[in-house]
Structures are given as structure tokens and as C-alpha cells.
Amino acid sequence: MTALTVTARLPARRYLIGAVLAAWVLGHALLSGRDTLPLGGAELTPLHEGANEAWDTVDDNRNSNPFFLYFVNYIRLVLDESVRFVQALISQPSFGRPVPLLGWLGVVALAAAITYLFGNIRVALLTVAGFVSFGLLGLWAESMDTLALTLTAVAYSLAVGIPLGVWAGLSDRFNRFVTPVLDFMQTMPTFVYLAPLTLFFLIGPASATIATMIYAIPPAIRITAHAIREVSPVTLEAGASLGATAAQSLRHVRLPLARRTIVVGVNQTIMAALSMATIAALIDAPGLGKTVLKALQTLDIGAAFNAGLAIVIMAVVLDRATTAASRRVEAQRRTGREISAFFRRVEVTVALGIAAVLSYLSYTYVWAAVFPAEANIGSYVRRAADAASAWVQDSLAGFTDALKNLVTYGLLNPFESLLAGSPWWLVFAAGVAIAALVGGVRAAITAAVGLAALIGLGLWQDSMVTLAATLVATLLVMALGVAAGVWIGRSDRADAVLRPVLDAGQTMPAFVYLVPILGLFGPTRFTAIIAAVVFAAPVAIKLVAEGIRGVPATTVEAARSAGSSPWQVITKVQLPMARGAVALAANQGLIYVLSMVVVGGLVGAGALGYDVVAGFSQHQLRGKGLAAGLAIVVLGIVLDRVTRAAQARTDRLGVIKED
Amino acid sequence: MAIRRIALVAGAALILTGCGGAKVGEAPSAAPGTGAAGSGAACGTLNLAINPWVGYEANAAVIAHVAEKNLGCTVVKKDLKEEVAWQGFGTGEVDAVVENWGHDDLKKKYIEEQKTAVDAGLTGNKGVIGWYVAPWMAAKYPDITDWQNLNKYAELFKTSESGDKGQLLDGDPSFVTNDEALVKNLKLDYKVVYAGSEAALITAFRQSEKEQKPVIGYFYEPQWFLSELKLVKINLPAYTDGCDADAAKVACDYPLYELDKIVSKRFADSGSPAYTLIKNFTWTNDDQNLVAKYISEDKMAPAEAAAKWAADNEAKIKAWLPTS
Numbered sequence: 001m002t003a004l005t006v007t008a009r010l011p012a013r014r015y016l017i018g019a020v021l022a023a024w025v026l027g028h029a030l031l032s033g034r035d036t037l038p039l040g041g042a043e044l045t046p047l048h049e050g051a052n053e054a055w056d057t058v059d060d061n062r063n064s065n066p067f068f069l070y071f072v073n074y075i076r077l078v079l080d081e082s083v084r085f086v087q088a089l090i091s092q093p094s095f096g097r098p099v100p101l102l103g104w105l106g107v108v109a110l111a112a113a114i115t116y117l118f119g120n121i122r123v124a125l126l127t128v129a130g131f132v133s134f135g136l137l138g139l140w141a142e143s144m145d146t147l148a149l150t151l152t153a154v155a156y157s158l159a160v161g162i163p164l165g166v167w168a169g170l171s172d173r174f175n176r177f178v179t180p181v182l183d184f185m186q187t188m189p190t191f192v193y194l195a196p197l198t199l200f201f202l203i204g205p206a207s208a209t210i211a212t213m214i215y216a217i218p219p220a221i222r223i224t225a226h227a228i229r230e231v232s233p234v235t236l237e238a239g240a241s242l243g244a245t246a247a248q249s250l251r252h253v254r255l256p257l258a259r260r261t262i263v264v265g266v267n268q269t270i271m272a273a274l275s276m277a278t279i280a281a282l283i284d285a286p287g288l289g290k291t292v293l294k295a296l297q298t299l300d301i302g303a304a305f306n307a308g309l310a311i312v313i314m315a316v317v318l319d320r321a322t323t324a325a326s327r328r329v330e331a332q333r334r335t336g337r338e339i340s341a342f343f344r345r346v347e348v349t350v351a352l353g354i355a356a357v358l359s360y361l362s363y364t365y366v367w368a369a370v371f372p373a374e375a376n377i378g379s380y381v382r383r384a385a386d387a388a389s390a391w392v393q394d395s396l397a398g399f400t401d402a403l404k405n406l407v408t409y410g411l412l413n414p415f416e417s418l419l420a421g422s423p424w425w426l427v428f429a430a431g432v433a434i435a436a437l438v439g440g441v442r443a444a445i446t447a448a449v450g451l452a453a454l455i456g457l458g459l460w461q462d463s464m465v466t467l468a469a470t471l472v473a474t475l476l477v478m479a480l481g482v483a484a485g486v487w488i489g490r491s492d493r494a495d496a497v498l499r500p501v502l503d504a505g506q507t508m509p510a511f512v513y514l515v516p517i518l519g520l521f522g523p524t525r526f527t528a529i530i531a532a533v534v535f536a537a538p539v540a541i542k543l544v545a546e547g548i549r550g551v552p553a554t555t556v557e558a559a560r561s562a563g564s565s566p567w568q569v570i571t572k573v574q575l576p577m578a579r580g581a582v583a584l585a586a587n588q589g590l591i592y593v594l595s596m597v598v599v600g601g602l603v604g605a606g607a608l609g610y611d612v613v614a615g616f617s618q619h620q621l622r623g624k625g626l627a628a629g630l631a632i633v634v635l636g637i638v639l640d641r642v643t644r645a646a647q648a649r650t651d652r653l654g655v656i657k658e659d
Numbered sequence: 001m002a003i004r005r006i007a008l009v010a011g012a013a014l015i016l017t018g019c020g021g022a023k024v025g026e027a028p029s030a031a032p033g034t035g036a037a038g039s040g041a042a043c044g045t046l047n048l049a050i051n052p053w054v055g056y057e058a059n060a061a062v063i064a065h066v067a068e069k070n071l072g073c074t075v076v077k078k079d080l081k082e083e084v085a086w087q088g089f090g091t092g093e094v095d096a097v098v099e100n101w102g103h104d105d106l107k108k109k110y111i112e113e114q115k116t117a118v119d120a121g122l123t124g125n126k127g128v129i130g131w132y133v134a135p136w137m138a139a140k141y142p143d144i145t146d147w148q149n150l151n152k153y154a155e156l157f158k159t160s161e162s163g164d165k166g167q168l169l170d171g172d173p174s175f176v177t178n179d180e181a182l183v184k185n186l187k188l189d190y191k192v193v194y195a196g197s198e199a200a201l202i203t204a205f206r207q208s209e210k211e212q213k214p215v216i217g218y219f220y221e222p223q224w225f226l227s228e229l230k231l232v233k234i235n236l237p238a239y240t241d242g243c244d245a246d247a248a249k250v251a252c253d254y255p256l257y258e259l260d261k262i263v264s265k266r267f268a269d270s271g272s273p274a275y276t277l278i279k280n281f282t283w284t285n286d287d288q289n290l291v292a293k294y295i296s297e298d299k300m301a302p303a304e305a306a307a308k309w310a311a312d313n314e315a316k317i318k319a320w321l322p323t324s
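Read top to bottom, the protein sequences are chains P and U.
The letter at position 552 of the first sequence is residue 552 when you use UniProt numbering, and the numbering goes up by one with no holes.
The letter at position 320 of the second sequence is residue 320 when you use UniProt numbering, and the numbering goes up by one with no holes.
Keep in mind that the hints are not guaranteed to be accurate.
[What the hints assert, rightly or not] Only part of the chain U face toward chain P is listed, based on derived beta-carbon distances under 10 Å:
| no. | residue |
| --- | --- |
| 1 | Trp-53 |
| 2 | Phe-175 |
| 3 | Leu-236 |
| 4 | Ala-310 |
| 5 | Ala-311 |
Simulated from the structure, these hints should not be mistaken for laboratory data.
Built from N, CA and C at the ideal position, the CB exists for glycine as well.
Use the sequences and the hints to build the structure in full.
Printed below as a string of C-alpha cells:
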């Protein structure tokens, strides 16, 4: 009965959405350009001016307020000293020595020993290769600075994030409270809080660490909470029936079972922290990010690429190491102790013994402390990158204009005109109606509140321009995501070839490839879209591939033996069965695209991205920059909630239909 | 077996020890920052903000070079955007900003209201802001440099971003622009498009010259890129005192900026010889362009570039040093 009514209602809803869109297009044709609430580049609303004043008040009272004197200042001291300590160990001259305590040989040996003991020999070799390559690129000291800052920020993020994650996993109430806060932390553009951070925590490692932590803590909390919740209720009940208290069940049942997923959280935290290396350099964070930004001042693509490459290598090494650690945890859990305690003890002694000897050498001798300058291949990498970038710009320029114009005139301009050129009340009504139709009442309420907030922030038109570009970029991300995801999901060889490329796309700082794509497409909205696609497509591709791989081999085999062509297998079996993964890929793709809005503002996207960048650079626009940052958060939350509600609804329908 | 392996490694280590190699701290050349010991106590540490453009870097590199070599200071360079650097005056994290473009709002806040910063005089460099085209355009359309002819050429500058109007490429976000008001008040058939970064502006002009693609946009000098490509400035209605008082009604060119130096109050009162150096520091646009060229085109490290310039200009440097 239910199945009947639902399937009967489904086409009706599709027609309704069509009707809403038709009414919108018609209204746009009649009323285009009226009530669009524009705001010029240098214009401010009273809200923006109020934010400016609030900012000044904080600035003026910094030295007299006890909150600062006794709270913020201590946090700053602890963080500053922590980073400086790690720097003294591996990256900066310290303790009256002209070099850090551990030279390159010691760091390489120690890193290899740790990855070998927690992971396996293959990862240890990869680590050695990766760390040595920092030296070969001529960026040993810078890489170690980045590593020091990243490790400190990750350590504090985990120290705060894992306990909070456990709490969120145990308490629904706390989880409901913390989720929007985490959304806020992840979507608020870093540029917005960078300058205020230096007011609170001064210029130095502390501000950089906090900026990094704001972005890196959310995955630690989310994934830990998810891991705790995932533990099967049957196991918990078994524990409870044996008389375990809540604390005992947490320690002996939940945490051990959740350990593998928590390691995934550690992995994501590290990746998030590393992705902040370049932006944190804007407030004098030491390391590779500075090299990238310096190179950008003179448009030195080679030098920027060289430093970006070191960041990518660091990300790949840390990613593979933590992944290997999580696999090991999993394998141990499944098989019990695989090796004898004696053998393990020998292994640990040998590995640490070798590391200790090499560390001592690097402490004592110059050749092991300072990476030999003769072994510097950085200049070749720089020249090769310069040549490659010049070749791309020279040989593709004709083709790129056509592509840019096709997407801009065919897709982007119509979208933008519909969203930003229609009267606000028309967009508002249509947006809420569509949210209601695809996601239900709650989605509609979220959309209404969010759109009202955009008007309140005084940035309606800029928000709509940004929304149009975001939607177009997400469409492109999904097109790429499904095509490449299916390919990778079906072929292990494609996976092996493409995965490093995807990793590089995710971790290479956007600043590195902005200059070449600016050369190809000029400062345009399309350039911003390309930058967003480069960053967001890898996530979507990986998620779709994961979904395709999750389809049972027997089902695929059955379809194939029934005479289905590969195309039919993909479209009729694999994609429909991976529907959940595709929806998740769309949701994540959207969020990743939004996180590139500010970078887009640096290359011609204008609108909210430019507002944020200008707010960071110009004193009188700081309030507006803050408002623009909030508008981006609002867009993110509305899009996320509506797509998730829509996804939940199709899942429900799917279940009913399959019944 | 493990024991044998450890013994092996230890043995290898011993052999290495026997072979030797320079020990850390043995070679005096390995220790930086001890060059001009003795006079170091008088100067102490100079915290120099480095704002993110090459011209600034040139000023800072030369000042740092002289402060270290002649005065024995320890110079700490901090890479910061202007706004953040000015905040640093109050928190004691920044002693000096050595190339400041206007920023009357920041001066009002930090010099007049908070009294944490003081003016340390002009750098001698003149800053020009305006609208520019690539040289090939000025050669092909000689009258384009007069603003009154801009509407005639608006058609040329149409892009996918500007719709049916000409595109005026704006937007290094660090500077205030009056361009939207200018376009409106001069009744120009153009739309301001925000490129969003200096990198984007420079790339656009580079492409313009290479592919003979029309581009008109906001730019400024001194700037290292002008030694690569000599952009031609458009003449807007001449600047007169106060013509830019009301931001919405601006219809004149940008003023000439006398670039200056700002230091923290604390630093100015400290009696440090580095303060005297910064106060006395002054040079010409040509001087700065030369050092900027060493850094940007010849890809020298800023310290190298400064050392090279300093070696050729000892007389100028002498004039900056404190007399005692």
C-alpha cells in the first residue's frame, strides 16, 4: 500500500519541480534585473560597519581584559613553546648549536623506524625515499619546519578531538550540539579568521597552530564519534549482561573495536593540517608554505612547484604510513597476536637501536646533520616545471578559449543570470519550494532561514553569483567523478596509475597551479571553477570508485552471464547499486568546491571569494569580509542539509521500491 | 641474531667515527649570526615586517643587510600582510614597516588613536597607481592613453566576464580602488572585473602582450614586472587636492603616493641604532627597481641581492648610518 502511494506520488513531485523551475524562468524573463540587491565592491552596509567597530573594541581592550591576560596568553605560551621545541629537535638551530638536535640522517632513521614498527617494511622504505627527497629538492629545513608545525597541530588536535569525539559518540545531545559547530569550523574560510587570530595569539607559531587546528579538529571529532557509534549494539549488550559498567564498556568494548576507524580519523586530521601549510604562511608560519607564497610574488612557477611537490610527498608519506598503521591494527584484531612477543621485542630493539645510532651520528657530525648541498636536484625540478608550464600555456591557448567560452556562455551565464539576475523574492520562493520538494519540510525551513540570512548579511547578489559558480563546478566534478570513478572502480591498473595523481590534486597547494591556469584561461570565473574542480574531483572520484568496488562481484558476474554489455553492467547494475556512494560523492564534492571559493576570488571569481580576500587585505573592508565568510558558511550548510535530506529520501524510496 | 646485528651497526658507527668528518660546532663557518660580535649588544633584535611584494622585499633586504653587517643587529624577518603587520606594532611583534602605501585609515588607528606607531619618514620612492595597457596596444592605438577615447575602444575589451561592456581588470585586493566610481562618474562603457590577486593581473598583461589580446587594467609602479614589460599608463583627469574626498563621486586620477616608513613607538624610543638607520634610509625608484630585478628576474635570494647592491653603493649606505 505504502509502496503504491509513494511510487504514484513520485512522478507528481517531478512535475512539481518542473513547474517551479518553469515559473522561475518565466519570472526571470519578465522581471530580470529588478530587486537583485546588488552591493558594489567598496560599498558597506551598517552591519559591516558594526563588525568593523566590534573588531576595534577587541583590539583596544586586549591588554586590559583578564580573559586575555590569564587565558589566551597562556594558551599562546604553551603552543609557541611546543612548536619551538619540535623545531629545536628537527628544523631550527637550537641549544647553542648551529643546527637542530637531530640532523637529516637521524630524522630519516627515526621516521623509518616508527613507520616500520607501526606499519610495515614497504611503508618504511617509502618514508625513507620521501624524506630523502626533501633534501634532494633542496628544501630540507623548510620541510622540517612544516613537519614540526603539522605534527604539533595534529598532536593537539587529537588530544582535544578524540575525547570530544568519544563524548559525541556516546551522547546524542552533545552530538547534535557539536555538529553545526564542526560544519562552521570546516566551511568558514581561513582568510576570515587569520587576521583576528594574530590579535589574540600574536604573530608566531601559536596563531599558525590554532589556524591549523580549527580546520584539523573536525575530522578527528567526527570520525571518532562515528567509530564509537558504529560498534554493534549486540556486542555492547553482551558486555552489559556480563555486568560491565559504562566506563568499562567504553574502555574494553567500544574503544578497542573503534580503534581502526579512529586511526582513519588521525589520517584525515593529518591531511587537513597539511592542507593549511600555505595559508598559515600568510601569518608567518614557518615552512614550505612560505616558499610557495614567495615564489608566487614573482610568478616563479618552478620554485612554487618544487615546494608544492615537497608538500605532496609529505602528504603521501604520512597518508600511507597512517593507512598502513590502521591496516595493521585491523589485521591484529582479526587474527589475534600474529607474532610472538619475543620476536616483537627483538624487532623493536633493533629498529630503535639503528635509529639511535644514526641519530647520534647526525647529532655529532656535520655530514649527517646538514643535508649535502651538492645532492640538490631542486634546480632541475624547477626548470622542468617552468618548461612544462610554458609548453602548456603556448600549445593549449587556442583550445582553452573555446572551452572557457562554451562553459561560460552555455552553462555559467544562464545559471548566474537566473540566480543573481532575478528578483530576490522570486529566487527565495523558488529555492524554498525546490528544497521542500526534494528534501521535505525541514530542508525547506533550513533553506528559508539560510536565504534570509544571506539577505541579512547584505550580500545577496554576491552570494547568488558564488552559488551559480559553485553549482556549475559541482556538476563538472560529478561528471568527472562518475566517469573516472567507474573506470577506477572497475580496473585495478587504472587505480594504481591514477591514485597518486588524485592525491597530488588534493594536496598540491592551489597557489602552485593557479598561475599556469591563469595563463590558459585568464582571470575569469571559469578559472576559479577549474581550480575548484582540480581540488574537489579527486574526492568524488575516490568515493564513486569505492562504491563501484563495493558492488558484490557475484551480482556483476550474474549480469554479465545474462548477456549484458559492459555499458549495461555499468548503467543498470553497478551505478544504481552504488547510488549511496554517488550521492555522498555529490555532497562531498559540493563542500570541497565551496572550500575553494576564496581561492577562486584570487583568480577572477569575484563575489564572495573576492569579498573575503579584500577583507583580509583592506582595513575598512574587514567587516564585509567577515560577512562574506559567514555567507559562505550559510551556503555550505544549506546545500549540505538539502542534499542530505534529498539523499535520505531517495534511500527510503529505494528501500520501499525494492520491497 | 639481533645482538649480532646491533654489534654490526655499532661497529659500523665506530668505523665512521674513526673516519671522522667535521663535527657539529667545530667549524666556525658553520655558525651563522656571529659575524659582527661585539657591537651586537647595542643593537639587539630588529623585527622587520616583510609585506608580500618584491619592491618591499628589496627595501627590507638592504636595510637588513646594513643592520646586520654595519650595526651588528640580529634581524628577524616576518612575512606578513600590511594589516597584520600594523597590528604587530601594538603587540610588540613588529618594529618596522619599510614601504607603506598610503593606508590613511591604518595611520589614523595606530598612530593617532592607539599611539603604538610613529612615522619614520619617506623612503624616497614614488608610488603611482592607475590604469595601464600593454605596450603593443599603445603603439597600435596611440590615442588610447587619453581617457576620453576609452569608450571608442570599449568593444575591444569585451570578455566572457564583462558581458556587452568593456572589461576593466581590477583588483589587487591590497589597495583601495575607486574604479567602480570612476567608471560610473566618467560615464565609461566598462565593467570592473575583479582579478583578485597581483599574480592574476600580471599573468593577464603577459598574455595580452604575447597574444596581442586587448587588456586594460589597474596597476602600479614601482613594480618588478614593469622591467619585463613596460606598461603604458592611461591619463585620467588629473588629480587635484581633495578630488577624491568623497569616494562615491571620484572622477579623477589616483594621487601620487610618497611611500614612507612606519615604526613602532617602542622601537622609536629605544634608541637603537637600527631605528636611526631606518629613519635615514632613503633611495630612488631606480635603486629599488635594480634590487627588485636581482630578486625577481635573476632569481637571487634577497640577502644576496642586497649584498650585491650594497657593495656597489657604499656612499649611499654611509649616509644612512648613525653618526657617533
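Hints breached by this structure: When the structure is compared with the hints, numbers 3, 4, 5 turn out to be violated.
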